[in-house]
Every structure is written in C-alpha cells, then in structure tokens.
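Trainee: Keeping the supplied structure of chain A fixed, place chain B upon it in accordance with the hints.
Taken in order, these protein sequences are the chains called A and B.
UniProt numbering numbers the first residue of the first sequence as 1 and each following residue consecutively.
UniProt numbering numbers the first residue of the second sequence as 1 and each following residue consecutively.
Keep in mind that the hints were calculated from the coordinates and are not lab data.
Some hints here could point you the wrong way.
Chain copies aren't distinguished; within one or between two, either way the pair holds.
[Unchecked claim] Straight-line Cα separation of at most 27 Å, DSSO-like style, residue types lysine-lysine; simulated pairs:
1) K273 <-> K229
2) K347 <-> K272
3) K273 <-> K347
4) K229 <-> K347
5) K439 <-> K108
6) K171 <-> K78
7) K39 <-> K72
8) K72 <-> K10
9) K284 <-> K229
There are 2 protein chains.
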Amino acid sequence: MQAWKEYQEKNKDRFLNELLDLLRIPSISSNSANKEDMKRCAAAVKQSLLNAGAATATVYETDGHPVVYAEKIVDASKPTVLVYGHYDVQPPDPLNLWHSGPFEPVIKDGRIYARGSADDKGQFYMHVKALELMTNTNSQPTNIKFLIEGEEEVGSPNLGKFVAAHKDLLKCDVILISDTAMISMENPSMDIGVRGLAYIQVEVTGANRDLHSGVYGGAVANPITILAKMIASCHDENNHITIPGFYNDVVEAGQEERNLMAQAPFDEAEYKKDLGVQELWGEKGFTTNERTGIRPTLELNGIWGGFTGEGAKTVLPSKAFAKISARLVPNQSSDNITEMLLNYFRKIAPASVTVHAENLHGGEAYMTPIDSLAYQAAAKAIETTFGKKPIPVRGGGSIPICSILERELGVKIVFMGFGLDSDNLHSPNEKFDLVNFYKGIETIPYFHQYFAAINKG
Amino acid sequence: MQAWKEYQEKNKDRFLNELLDLLRIPSISSNSANKEDMKRCAAAVKQSLLNAGAATATVYETDGHPVVYAEKIVDASKPTVLVYGHYDVQPPDPLNLWHSGPFEPVIKDGRIYARGSADDKGQFYMHVKALELMTNTNSQPTNIKFLIEGEEEVGSPNLGKFVAAHKDLLKCDVILISDTAMISMENPSMDIGVRGLAYIQVEVTGANRDLHSGVYGGAVANPITILAKMIASCHDENNHITIPGFYNDVVEAGQEERNLMAQAPFDEAEYKKDLGVQELWGEKGFTTNERTGIRPTLELNGIWGGFTGEGAKTVLPSKAFAKISARLVPNQSSDNITEMLLNYFRKIAPASVTVHAENLHGGEAYMTPIDSLAYQAAAKAIETTFGKKPIPVRGGGSIPICSILERELGVKIVFMGFGLDSDNLHSPNEKFDLVNFYKGIETIPYFHQYFAAINKG
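In isolation and in its complexed conformation, chain A is listed as follows (with noise of 0.2 Å):
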C-alpha cells in the first residue's frame, strides 16, 4: 500500500533513533545484575507499545522478569494475531572481541551493532513499528496483541505459568514471532520449525583443595581429565552422539523433506570461507542443512577449570565446570533428554571424583505446518515485499515457549524472522541489517491484510 510506504519513509530515521534507544539498555536475562536493567527495558517496550497506538499496554511482574502484553482491538468480528517476540537478550561475552560496545549501538555499512539488535529487540520493534504505521494510516486489518517477554535467553521458565493464568486475555487466531533468520535477501525462507533445547551444567571435584601438581599429581583424580574424557564420550567417531537412548524418540526426516532441504541454496566453499575453517564436521551421513535442521545435536556451551590467567602455575584443581546443552528434533521430549544427559554424566564418573549435574534449562521443539492459513498469508506478504515465494526450511535454534503457546491457546505459530544467519547471534559483534529491519515494517502489514482476508474468505 503506498501509504504504508510513505509512512515508513518519512519516519524511517525516527524508527531506527528509537530502536537504538532500545538497544541501550543491557537487558541480560541471566546476569542477576541486570535485574533493573530488565524493568527499565520494560517499561520501555511498553512505552513504545503506547507510541504506537496500542490501546492498553501493562507489564506484568512474574516470578522472574516482567512481561509486557499490550492490545489493539478494532473489531472483535476480525480475526486476532498475537505477536510474540522477547526484549532479553544473551550476554555479551567476550567483551574484548567487540568491535563496539555492546549496547551502545552503533550503525556501519547499513547494520546495526549492538546485542539484541537482531535477537530480538530489532524484530519485535518492526512489529511495533508496523502497528504504528496501520495505526496512523487507517489501515489496521486485524486485532492484534503483542506479548514481550524477558526470559526468552534463560528458556521462559516463568512465561508458561503466565500464559495459562492469562489465556483469555492472549485468545487469538494465529502466534506470529519473527525472532527466526531467512537464507538471505535474495533467497527469502520461512522456517517451519524450531529444534528443542536441555541444557545442563556439571561439576566435577577431586580433592577438596587445589593441590600442587607436583605433590600430588598423578595420585588423585584430575577433575579436568576426568570431565575431558567424559565429554570425549559423548560422541563416537562418526560424531553421532553415543548418550544411551538419545536418538530413540527422533522421527527422521523423510527422503521428500531431506530432497526439499537439498534444492536450498547453500555454498558450501562459501560457507566455510564465512567460518574460517579448512573442513565442516558433523554427524556422518547428513548434510550440513541437515545437521542443523533436522538432527538432534550435542554442543559444549562453555568449560572451566584450574588455573586460567597469564602464564603457568602447576595447580591440580579441585574442581572444573562445563556447560552443555543439546538440540533436539520435533518428539524429542526436553526433560527426558535432561534427565538423560544429567544421569549420563552422574553415572560414568569414577569414584575417584564426585559429580554434581544440574538442569539450567530447556524447551520442546516445534513444527508448524506449511498449508496453515496463517503461513499463506505470511509466504504471500514475503512474495508481495520481496518478488519471491519464501523457502520453507527448519531454523537449527530453540524458541522455548512455542510448544507451550500452541498447547495453552491451541493455535498455530507462524514465524516470520528478517535476521540472517550471519548476524552473530549470540556471539560478539550481533548486527541487523537495516535493509531487513526496514523490509520487515514494509512486509508487516501486508501478513495482517492477507491474514484477515483469508480469514473472511
């Protein structure tokens, strides 16, 4: 619609000003520090929620970081969409390898840097970007509800309990999220699913004490040894994971779905050149979209131990940490998986170390399915933006809240994501590119408007 266009072009420079603003705040979900950071940020969505056109908005305090849910409501007759998206993001580490600073944003060659810049703050924002341009122009097709939540990064461990106390107020037709990638701008995709997520973290600890590698080394138990051979253990030569039980609930993919993943554009010379690596690995016998799309996988997040500083010190350590965490394909069940990662790494220890396995957190994988009204209406918003049909493909990260959603509200997911693959999520250096964050605002609008002419339809 040209007046959505004009709209967008006159306030562009604002929409991004007010992004940046966002970006600003350090909202660390997991960072205990951050604790009022994550109000502030908040209060902020919900403002902008307000600017927008929002009728109500309120933030809700949970028993971890608040939700906000706001509603524009123009005719109950219309069909609903609930946007969901989430203004936590991941923490910065490792500070050293940013360019710039992490949440002071800063635009270079048409991206913006900043953490939370395609993760999810700069695609919630087109959301609420797009409500502002229906708003001023008329032109609201839909009813539309948005849920922000904080606790996105740290697996939604209090958003489950919100939505099932609050299921009238988020009733709707369709969830639509954009916190997912496409292939590239030429190649526009929309994924059809998620994978799941268990993540754990385990201790190990020897002696009691740090000792002197010399006194007593070669006598007592290394914990770094031991959690080495551990998790060497965790894969077998062909890099399939060897967790007992593990793959038992996977539905493998079916040749039609592997035959479809296959004709995505992927460049393989290309990709390792973006990587820096002389050779790809993975689980043998998949190719490297299968493997992150449709194959459970088992990744170390993070390990420590003993002595890390500047030189050498001949310490036998006490104790030494890993964070581990594996993906999982849909029917995978989240908590069975924990359960089995946590009773792996407890039962393999030797007695000469003592093991202490916790769940950190965790979420089901998800699956929409492709002939949805909803997904119609967002494939043709993307073709009518972009000039071409979206690629359906499985995005290889978690959304942990999805699986819970369609239960609670007993509607389908639609994901919508405008970020790419290259935008360093979670790592230093995340970026949005302004050209998405713009296409994203202009593709809004027109998923309501097919949306709700399908629906009267």
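Mentor: Frame of chain A, contents of chain B only:
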C-alpha cells in the same frame, strides 16, 4: 649449641614479624602487573641479608626478574655453602577460596597463612635467620653464599645465564636448598630428588568467531569438544600416558628402591580423608608414593573456553584453551618431552580446527646421592634436632634450576626442606607451621657445623 638456642628464643617474635613483612609483598613472577612488587621484594631480600650479617648483598638485574646475591666469607680455607631459594610466589588464584588475604599473613593455630609462607619465602628466610644467629654468636663455621631468585615459579628462564656468567662468584662446595617438604615432624625426611617439568599451553580454534549453537551447532567443530577428545586421549584405561615415546627415556626404579619407598610411613585412609576423596587415581601397577615420586605424570592445570558466567548461553565458541604439564623423572629430557607434547597436540588435531601449542616453561629432573658428605651432614643435623634419622624420599615437585646449578658449578645439591605436603603449596590457604619455621632455623647451623667438620676431617 646452647648460644644458638638462646639467641633464637630471645628473637623469635622479631624473626616471625620480619618474615610476615616479606610475605606482604605480592611477588607473583608470572603476572606482569607485579613487576614493581618483584623489584621491591628483591630489595627487601637484599636488605634482610645485610641485616643478618652478610658482608655484601647485591641485586642483579636480569632479562626477567632480579636475582639477589649475598655472601659472608669467614675464611677462604673453610668450605663454602651456597644457599639457593626464591622470593617469587605462585599466583594466589582462586582468590575466593582463601580464608584471609594471600598477601595479608595471619597466624592461626600455630601456622602462618600466606602465599609464599612455605614456598619459598618462609623456607629461605630460615637460612637468613640462621646466618644472623651464627653471626651474632660468632659461630659461623663455613663461608655462606646466598642466591635468591625471582623466577622459580616460572621455570627460572634467566637464572641459567646468570649462573653461567657468575661461576666464580657462586663457587662453592655444596648447594643447599630448603624448598621441599618432610613427611611429618615425627617422621623427618629428606628429598633425594625432584621431578622435571614440561609445561605447555594448547589453543584450539574452530570457527573464526563465536557462533549461535543452534544455528551452527552440529555443522562446525566445537573446539571444547575437540580439546576434550585430545585430552582424553592422553591417558589409557590404566592411566598410563599414551603419548608415543613418553616413557622411552624413563629409567625404571629398581625393586630395592621401591621396597625402601614402601617402608616410608603412609596411611592411605588418612591421605584420602585429608583430600576428601573416596578413591585415589593413578597409574596402574604403582603405589601412591611411587606415582608421585618415581613416575612421570601428565596433569591438566587449567582449561577454559566459551561461556563461563552465570546461567545459560547457547554459544558455540571459537576457541578453547588448556594448560598442560608433565612431571618428569631422571633421564627424561624436558626439551624432548615438551616437543613431544607440542607435536602430539598439533598432530592429533582434526582438519576442522587449528591448534596453536606453545611451551610455557620447563626444567630437568634432579637426583642427589645419599652418600655425599653434604647429605650426611644434613641428615646428622636433622637427627640432632628432630631426634630421628631422616628418611630419604623422592619429591614430586620440581625445581627447574637444579640440573643447571650442578652442571655449571660442578657440585651436588642437598635438599633440606622443612615444609609439609599439606602446606597447600600453589593452592589457596598456603601455610607454614611456626614449629617448622623455628625448627628449621635451629637445624641449619648444625648443618654448617657438621659440614665444616666433615670437610676438615
């Protein structure tokens, strides 16, 4: 001698307070931030030697931290004893496990708690006070030289050059070192050897940046997983070291020595209880004392990579690091083993990662004969003050300069250590028992007396 005893009794509080002042200086040789503290500590050591009666004392600059040399020559015809010690200390990390500040010494339950209290400030300072004691009682039977360095804890990288350049200055009949431990006050022992050391750092790099573990996990090598596999491969199921050639140059201890070792007091239940472990760990076919004495070992001193903060971060890290050191027995070459370790980690790395491995420090093992005049003088001195002949044992630790001192100066070393294995060397809450400190000061003059007498005879 009664006069020694009386002098010490009268001055014991001052002796202690002087040591505490020395312990307050954070002389951490591995940390470049402590460079000025190192200079300050060297100056304090020099002053303490002059105060104790040394005729000259000099701080020599080196390419690293300074060396302190002092001497008191009483009669050129008398034998000369060179006391070696070190004023540098290990880093105090992890700081949060200390009950009091590592450089704020406290006396508790008859023990001095501070970094360096036993290793080695408290021990070399016994020799400084023994000098004072002999000076002020006009009873110094030998010429005494002091060589107190500041780089022992980082492998003495510059002392070899200093010794080679000052052979005349350092000329002596024996080198006396108090930087080892006894079995207990009830079972005095003397080390007849120290192990060598080869200390390396390994850096494993996967992708050129931290990645989202969902988007890239399973398709790109995880450097923590790879590093864990590499570490796990270093020991077999019997805890033998598997690095090809590692044991090649080991001269196996004879059955006679092993029988002697088996007679040293050792209470395994007590040992396990002290360390808080259910089961010991070590190379199959060897006892605990053999594992820490006559066998080479490979220990992980530190490991780090990825996210190590609070909570969960789903990152696939770019890099993982480990600090790894081997303790070596006589006839193993530190340089050879270092090369062996470096090559091993470089060679077993899969093509999906790059490995940078570097030498951090090292030193040769050293053995001293128990039939030397100096060893006999030391044993007799200990018997005099402890009422028991010392048991000869092999120490598990390393004093890298020993083999160089013997080679350059052409004399043997005698280890007369007054510490205990339980002194928490290199660990939080390092301590030195007051009774050991004073007993050392009491014993040392007897060594000089007996050594002078034996040499005369």
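Trainee: Decide, hint by hint, whether the structure agrees.
Mentor: Hints versus structure:
1. K273 <-> K229: between (31 Å within a copy, 25 Å between copies)
2. K347 <-> K272: between (37 Å within a copy, 22 Å between copies)
3. K273 <-> K347: For K273 and K347, only the inter-copy Cα distance (23 Å) is at most 27 Å; the intra-copy one is 40 Å.
4. K229 <-> K347: Both. Shortest intra-copy (13 Å) and inter-copy (19 Å) distances satisfy the 27 Å Cα cut-off.
5. K439 <-> K108: within (18 Å within a copy, 69 Å between copies)
6. K171 <-> K78: within (13 Å within a copy, 99 Å between copies)
7. K39 <-> K72: Result: close within a single copy only, 23 Å intra versus 71 Å inter.
8. K72 <-> K10: within (23 Å within a copy, 89 Å between copies)
9. K284 <-> K229: both (22 Å within a copy, 18 Å between copies)
Every hint, counting from the list given before, is met by this structure.
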